[in-house]
Amino acid sequence: MAEPLLQLNRICKSFPGVRALDDVDFSIQEGEVVGLLGENGAGKSTLVKIISGVYMPDSGDMLWRGNKLNIKSIMDAQERGITIIFQELNNCPNLSALENLFLGREIHSKAGMVDFRTMKKKAEEIFSYLGVQIPLNIPVGKLSIALQQMVEIGKALLTKAKLIIMDEPTSSLTERETQKLFQIIKELKAQNITVIFISHKLEEVFEVTDRLVVLRDGRRVGELETKSATRDALVSLMVGREIHSFFSSRTKAAETDVLLKIEDFSGPPNVSGVSFDLHRGEILGLAGLIGAGRTELALLMFGAEQKTSGRIFLQRKEIQVRSPWQAIENGIAYLSEDRKTKSLILPMMVRENITMSIHSTLSGFLGTLNRKKEREIADSFVRLLEIKTSGLEQVVNNLSGGNQQKVVIAKWLATKPSILILDEPTRGIDVHAKAEIHKLITDLADKGTSIILISSELPEVVALSDRVLVMHEGKIRKVLDKPEISQENIMGAVFAS
Amino acid sequence: MKEGGAGATGTVFLKFKEATMAREQKSFVAKLFSYRESAIFLALILLMAAVTIFAPNFMSGSNLYLVSRQISFVAIVAYGELFVILTGGIDLSVGSIMGLSGVISALAMASQLPIWLSVLLGLLTGIACGLLNGLLISYVRIAPFIVTLGMLSFARGIILIITKGWPVTNIPKPFLAVGQGDLLALPIPVWVMIVLGVAAHFVLSKTTFGRRTYAIGGNEQATFLSGINVKKIKVFLYMVSGAMAAVVGIILVARFNSAQADTGSGWELDAIAAAVIGGTSLSGGSGSILGVIIGAAIMGVIRNGLVLMRVSAYWQTAVIGVIIVLAAVLDRLKNK
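These protein sequence lines are chains P and B, in that order.
Start counting the first sequence at 1; every next residue gets the next number (our numbering).
Start counting the second sequence at 498; every next residue gets the next number (our numbering).
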């Protein structure tokens, strides 16, 4: 075998109280696409951060084409041709694609002015090579996440990267955008560019990689050739035991009575004329591309955005929902798509976050908070959801992604909702926590809670939903009943012209 | 739960228990230092010791009386500022609100209205200014910096229009005690600082309102999506800030036996400085009343110490500037 492009030997890295990486070996050949897998906290991010110069290893060494590699910063890594594309894209949202592309590497004319004409020409070359059309002059913050990612990839190509690391690149992409990204990865591979690909979505990993490396608890536990790997083998490597069923099944069917009726909902930015019924104990999947209006519809139902038309009936009685607090009073809860920016108060404690939406029930004389009752409620949810935390006083920022998401779920369960809207409830969390949350969703529905499930992960929607509404450009395009629910039918409806 | 799982939980629990025990075994002193405010309190004590060495009369009863009264004024204004800063906002108008509230109270008293009514009118003036600030910030969505900068200028302008730059006099004698008198050896303004401080601390640490205030500073959007009426709370916070400023403005009328047109000018910076020195984060979410009091005390002691050491007044301003930045630097180092 040829000399590897990059080889890591016995890498160790500790953080206060945690051994993040323990004697990890890793190597990758030029032009290879390697998937890096593991549950949250397994050490994937730490490993790629070491490769890309964000962290320095405590011990162990790195070889680049057989020579000792000494990287002290991201800048060093970039000079060597190593680029990382972070999950939370590190761009300047207020600058244009062109400016982002050349940030810090502007091309100057002889007079020392920025040479926009040459930069523009180069940018167009790169984007046409990637096969994407990106407007060069509007702020990238206004582009879709997918396009922003393309800009980052363009940036990597511009710096002549030999190794591109993608940390969960597809977590905010739709199915179609993901396919586009994969095409590009294959294109990169053809150009002999090496890719390390981190994802929680196993289907994707199987589709795009050559080889899979699995980490668990900071150790490298195994490696599989993608061609010969099976899903079960991979999962059991990741979690350290066999998981037979991914999705829990319902013990009860949804009831027939209509709990919530949405009539002719319209509102910003593009929701128009949406009507549907939600039954008691039903899991109603909302499928569609990003921008199809799923989150937007949820925000209207929750009163976080104001609808321009439409009526909402709870048990046949019309209710007014103009604000989140009115929604909560009516038993409607909304778990938002982004737990860090929209769900959690990261610097506050587990206890404080869990009770954030039930202040009214904890409020006593002069608006004092009943601390005893608060602790009891928070404690009961920590137990119920098996939230792994050192205590109720732990700051949520210190919890892992899955446990943070459980805190958000606890917050909403504490409001005793009869209707729970879940927007991407399992985004960016590990397989194990995912399975637990799936189980919880079915349990809740079995007990009579009605659930609206928005998810870009089709297998999740397919497995959990009793009915699926497919949205497209702000409208409901198709309603699929239980027997018709399949990934093919959903995608068919999404892409029907 | 499976056996393996239970074992793992058990270990975690044991570790947790060890950690708590370690914490319990810490000495009283160590525990004291685990509080956020301890470091700046220590700084205050060292500062007082240093000042005493260079100017022994610092510790005299009459000097401490004066210093404590001066500190109390800044601290009360800074309470209000703290409420606002905790949500990531800022109130630049507190100095002008102080002045305007004082002038309104003084005019009311000078025109023979009962004292209680005059005080009430002054307070309502401050609250009304705060209400206007809050409404513009919350519902018209203008940046707090701009709105309160406008109010700073507007309220000062109104003072000058009303008074034409002349002091308002004829303050009834019985009212002067509020600013000049004392109770149980402490100046009355210090008592006001203590009472309002206890109340504000109670609100911030024990009530849903306080919890929501910190939450807004921690993540405003998440707080809104948790079903909390963020806009309403913000309006109320600026009203609190206006009210606290008004309290000091009114007490200063009694202190100086008149309302001056320039009373309070520049105080917004002292109030913000007291909050920052006291460990309040300008990006919101962290800070405490105790910290604010200590912050105000540090500033008061430095100013007084420099006077006692016969350092020129020009230097005082420069030193305060250094202290503000130094406090922020120390905070950054501590959180690293």
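Quick caveat, the hints were computed from the structure, so don't treat them as lab data.
Heads up, a few of these hints could be off.
[As the list claims (entries may be wrong)] Mimicking DSS-like on lysine-lysine, the simulated pairs with C-alpha atoms at most 30 Å apart in a straight line are:
| hint | chain 1 | residue 1 | chain 2 | residue 2 |
| --- | --- | --- | --- | --- |
| 1 | P | Lys373 | B | Lys661 |
| 2 | P | Lys372 | B | Lys670 |
| 3 | B | Lys729 | P | Lys416 |
| 4 | P | Lys317 | P | Lys340 |
| 5 | B | Lys670 | P | Lys416 |
| 6 | P | Lys372 | B | Lys661 |
[Unchecked claim] Here are the in silico distance ranges between beta carbons for each label pair:
| hint | chain 1 | residue 1 | chain 2 | residue 2 | range |
| --- | --- | --- | --- | --- | --- |
| 7 | B | Phe651 | P | Glu329 | 33 to 41 Å |
| 8 | B | Leu543 | P | Thr368 | 43 to 51 Å |
| 9 | B | Met806 | P | Asn90 | 49 to 57 Å |
| 10 | P | Ser109 | B | Asp759 | 51 to 59 Å |
| 11 | B | Val692 | P | Gln306 | 38 to 46 Å |
| 12 | B | Phe651 | P | Gln133 | 12 to 20 Å |
| 13 | B | Arg829 | P | Lys160 | 33 to 41 Å |
[Claimed, not checked] Sample of chain P residues facing chain B (criterion: CB under 10 Å; computed from the structure):
| hint | residue |
| --- | --- |
| 14 | Gly81 |
| 15 | Ile85 |
| 16 | Asn270 |
| 17 | Lys340 |
| 18 | Glu352 |
| 19 | Ser357 |
| 20 | Arg371 |
| 21 | Lys373 |
The C-beta atom is built at its ideal place from N, Cα and C for all residues, glycine as well.
Taking the hints in turn, this is what the structure says about them:
1. In summary, the hint linking Lys373(P) to Lys661(B) is not supported, as the alpha carbons are separated by about 57 Å, beyond the 30 Å threshold.
2. Only pairs whose Cα atoms come within 30 Å are accepted, and Lys372(P) paired with Lys670(B) is rejected, the gap being roughly 50 Å.
3. For the proposed pair Lys729(B) and Lys416(P), the alpha carbon gap of about 25 Å is at most 30 Å, so the pair holds.
4. Distance restraint check for Lys317(P) and Lys340(P): the Cα-Cα separation of roughly 35 Å exceeds the 30 Å cut-off, and the hinted pair is therefore not satisfied.
5. A distance of roughly 60 Å separates the Cα atoms of Lys670(B) and Lys416(P); the hinted pair therefore is violated under the 30 Å criterion.
6. Annotation: proposed proximity of Lys372(P) to Lys661(B) is violated, straight-line Cα distance about 57 Å (limit 30 Å).
7. Checked against the given bound of 33 to 41 Å, the beta carbons of Phe651(B) and Glu329(P), roughly 39 Å apart, stay inside it.
8. Hint check: Leu543(B) to Thr368(P), Cβ distance near 37 Å, so the stated range 43 to 51 Å is violated.
9. As the Cβ distance of Met806(B) to Asn90(P) is approximately 51 Å, the hint placing it in 49 to 57 Å holds.
10. At about 55 Å, the beta-carbon gap between Ser109(P) and Asp759(B) stays in the expected band of 51 to 59 Å.
11. Range check, Val692(B) to Gln306(P): Cβ separation about 43 Å, and the 38 to 46 Å hint holds.
12. For the pair Phe651(B) and Gln133(P), the supplied restraint of 12 to 20 Å is violated, since their beta-carbon distance comes to about 50 Å.
13. Roughly 37 Å separates the CB atoms of Arg829(B) and Lys160(P), a value that falls within the hinted 33 to 41 Å.
14. Because the closest C-beta pair between Gly81(P) and chain B is about 32 Å apart, greater than 10 Å, the hint is violated.
15. Nearest Cβ of chain B to the Cβ of Ile85(P): about 25 Å, over the 10 Å cut. The hint is violated.
16. Taking 10 Å as the C-beta contact cut-off toward chain B, the hint placing Asn270(P) at the interface is violated, the least distance being around 21 Å.
17. Because the smallest distance between the Cβ of Lys340(P) and any Cβ of chain B comes to about 9 Å, under 10 Å, the interface hint for this residue holds.
18. Of the supplied interface hints, the one on Glu352(P) holds, with its beta-carbon coming within about 7 Å of a beta-carbon of chain B, less than 10 Å.
19. Because the beta carbon of Ser357(P) sits about 5 Å from the nearest beta carbon in chain B, less than 10 Å, this interface hint is met.
20. Nearest Cβ of chain B to the Cβ of Arg371(P): about 8 Å, under the 10 Å cut. The hint holds.
21. With a cut of 10 Å, the hint placing Lys373(P) at the interface with chain B is violated, because the nearest CB-to-CB distance is about 12 Å.
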